[in-house]
Amino acid sequence: MVVLTAAAPLKLMIVGASGAVGRQVLELALAEPKIGPVVAPTRRPLPPRPRLANPIVDFARLPEEAPWWPVDAVICTLGTTLKAAGSQAAFAAVDRDYPVLVARLARRAGATRFALNSSLGARAGGNFYLRTKAEAEAGIRALGYPVYTIVRPSLIDTERDAARPLESLSLVVARALRPVVPRRYRAVPAQRIARALLDGVLRDARGERIVESEMLQD
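Numbering follows my numbering, in which position 82 of the sequence shown is assigned residue number 64; successive positions increment by one, without gaps.
Please keep in mind that the hints were generated in silico from the structure rather than gathered at the bench. Computed from a predicted model, the values in this text were never measured in an experiment. Take the hints with a grain of salt, since some may be wrong.
Claimed, not checked - Derived pair list, reagent style DMTMM-like, types lysine to aspartate or glutamate, alpha-carbon separation capped at 25 Å:
{"hint": "1", "residue 1": "Lys(-7)", "residue 2": "Glu46"}
{"hint": "2", "residue 1": "Lys16", "residue 2": "Asp186"}
{"hint": "3", "residue 1": "Lys(-7)", "residue 2": "Glu190"}
{"hint": "4", "residue 1": "Lys65", "residue 2": "Asp40"}
{"hint": "5", "residue 1": "Lys65", "residue 2": "Glu117"}
{"hint": "6", "residue 1": "Lys65", "residue 2": "Asp139"}
{"hint": "7", "residue 1": "Lys(-7)", "residue 2": "Asp79"}
{"hint": "8", "residue 1": "Lys16", "residue 2": "Asp181"}
{"hint": "9", "residue 1": "Lys(-7)", "residue 2": "Glu9"}
{"hint": "10", "residue 1": "Lys(-7)", "residue 2": "Asp186"}
{"hint": "11", "residue 1": "Lys(-7)", "residue 2": "Glu47"}
{"hint": "12", "residue 1": "Lys(-7)", "residue 2": "Asp181"}
{"hint": "13", "residue 1": "Lys65", "residue 2": "Glu46"}
{"hint": "14", "residue 1": "Lys65", "residue 2": "Asp79"}
{"hint": "15", "residue 1": "Lys(-7)", "residue 2": "Asp40"}
{"hint": "16", "residue 1": "Lys16", "residue 2": "Glu190"}
Could you build the full structure based on these sequences and the hints that come with them?
And the structure:
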């Protein structure tokens, strides 16, 4: 097996650090000895933390020559809903175009490890949502990251800052029926997804690894 060994703590970029999964990634990363400085570009400021750089950006106009692009690894948890986005084009921008752009700019600046939070069932022949997720996976894959991890969770079990009534109802049902729901389709705690993403950039084995939803269960 070919390995890519980190000689020093990794400099990590987290994209989507203000979201449900991204917040968990940030907490785990800042407590991880194998992670050094953390860069988390966001639209709104995060609470200040030691070792955290938090550039405020507009993802539609990312500064391509910003000094914070050179990192060792990137974790991307960007995502929205069709309702919040307002259109399919706006949804695709957040869930596909921005992740691929970030991946391209970070790769150009020297990043060698990437972990993407995708979705259960992501595939080219799926519905618009699943097809968009698959296109994001493929777009990043084409950039040639030596270490590339894709995490495909089912419904995310978390408390949202913004109300998502349909998701909340789905979670109530999923929690009640958990014992009889197949492992692949059970809701996954946000922290478990975050752990898989962080482990994805910390692994030294080269190549692509896909973590399916059933692999995130107890």
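Status of each hint after checking the structure:
no., hint, in the structure
1, Lys(-7) x Glu46, "holds, 18 Å"
2, Lys16 x Asp186, "holds, 12 Å"
3, Lys(-7) x Glu190, "holds, 20 Å"
4, Lys65 x Asp40, "holds, 20 Å"
5, Lys65 x Glu117, "holds, 20 Å"
6, Lys65 x Asp139, "holds, 19 Å"
7, Lys(-7) x Asp79, "holds, 23 Å"
8, Lys16 x Asp181, "holds, 10 Å"
9, Lys(-7) x Glu9, "holds, 15 Å"
10, Lys(-7) x Asp186, "holds, 15 Å"
11, Lys(-7) x Glu47, "holds, 18 Å"
12, Lys(-7) x Asp181, "holds, 14 Å"
13, Lys65 x Glu46, "violated, 29 Å"
14, Lys65 x Asp79, "holds, 18 Å"
15, Lys(-7) x Asp40, "holds, 22 Å"
16, Lys16 x Glu190, "holds, 21 Å"
Figure legend: structure checked against the earlier numbered hints; the only hint not met is number 13.
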